[in-house]
Amino acid sequence: MNIVVTVLLAAGLFFFLVGIIGIIRFPDFYSRMHPAGMLDTMGLLLSMLAIAVYILFDHFSYLSVFSSLKILLIVIFVYITSPIASHAIMDAGVRAGLQPWTREDLTKEET
Amino acid sequence: MENQIIDPRTSVDLSKSDKKSTTAVERKSRILSYIFTFIIMLAVWIILSGKLDLFHISLGVISSILVSYFSAEMLFPEAKISFLLKTWLGLLGYLPWLIYQIFLCNLHLVYLVFHPRLKEVINPQIVTFKSKLENDIALVTIANSITLTPGTNTIYLSLYGDFTVHAIDDASIEGIPGELETKAKKIFGL
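Chains as they are written, first to last, in the numbering used here: chain B, 1 to 111; chain F, 1001 to 1190.
For the record, the hints were derived by calculation from the structure and aren't laboratory data. Don't take every hint at face value.
As the list claims (entries may be wrong) - Restraint-style ranges between C-beta atoms, simulated for each label pair:
| id | chain 1 | residue 1 | chain 2 | residue 2 | range |
| --- | --- | --- | --- | --- | --- |
| 1 | F | Val1061 | B | Lys70 | 17 to 23 Å |
| 2 | F | Val1140 | B | Val65 | 30 to 36 Å |
| 3 | B | Lys70 | F | Ile1126 | 36 to 42 Å |
| 4 | B | Lys70 | F | Lys1130 | 39 to 45 Å |
| 5 | F | Asp1162 | B | Ile80 | 19 to 25 Å |
| 6 | F | Lys1086 | B | Ile24 | 40 to 46 Å |
| 7 | B | Asp105 | F | Phe1103 | 28 to 34 Å |
| 8 | F | Lys1130 | B | Arg25 | 32 to 38 Å |
In this text, a Cβ means the ideal position worked out from N, Cα and C, and glycines have one as well.
Between the sequences and the hints, there should be enough to build the whole structure, so can you do that?
What follows is the structure, encoded as structure tokens:
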């Protein structure tokens, strides 16, 4: 069971890392929101699953079942609220009149 | 600047919900929506408290009754019994498919992030499309699913089903709107 926990945790941390690298590498505000959304979909799901499995099988009792259910509740609440938050941030960008980065900007940068 | 247009349907919908519904079927489904809210509230209470003795559970029952009395209309607006059951069962079947889609899109985004010539591969673009669905919950489910799958992000959604979506490259927009819309249509029975 330790192997499963380690693999899940490592995969979750890998997605967190890729998300952070993506936030730095992408060119503008709108495209940076995409890896930022990746952090709390895949990264959170995998790492929270790892913690839930670890708690459940470490000392099995009815209390550990409640603890892992609480951790799964975190995933559910984040999955409901995080798309709304990232939608609100992008909508604020559009309302403020920020122009998105496109392919044409790339040719402008090179010349 | 189309974002600042106020939909006329919002005011219409408000006036419609103000009317008191008095038919027997509607009253029955109203009670059922209270019961559903109560069950959800009590389940969350028991999970969060983690204590199963009489004192804590009776406290949970009292506060769940209060909360479901205040907020059942927010959780299940204009509820109908058959619609409620079908929607919740459909959502349960929808979740594994959505998580699988999120996983696929994540792998694609991992490929994009580690691409050495990042700025030449991506093609950020804003796409607009119109959905035929007019059910509020179905539209919000589609919008949230679009934002949850990395690579696409909902910018704006109107009550009539006009979506404005920001996509990171050409491959990200292939899945929308077709597949999501048919799934949502099946869940909400439209």
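Hints versus structure:
{"no.": "1", "hint": "F:Val1061 / B:Lys70: 17 to 23 Å", "result": "holds (20 Å)"}
{"no.": "2", "hint": "F:Val1140 / B:Val65: 30 to 36 Å", "result": "holds (32 Å)"}
{"no.": "3", "hint": "B:Lys70 / F:Ile1126: 36 to 42 Å", "result": "holds (39 Å)"}
{"no.": "4", "hint": "B:Lys70 / F:Lys1130: 39 to 45 Å", "result": "holds (41 Å)"}
{"no.": "5", "hint": "F:Asp1162 / B:Ile80: 19 to 25 Å", "result": "holds (23 Å)"}
{"no.": "6", "hint": "F:Lys1086 / B:Ile24: 40 to 46 Å", "result": "holds (45 Å)"}
{"no.": "7", "hint": "B:Asp105 / F:Phe1103: 28 to 34 Å", "result": "holds (31 Å)"}
{"no.": "8", "hint": "F:Lys1130 / B:Arg25: 32 to 38 Å", "result": "holds (34 Å)"}
Of the numbered hints stated above, none is contradicted by the structure.
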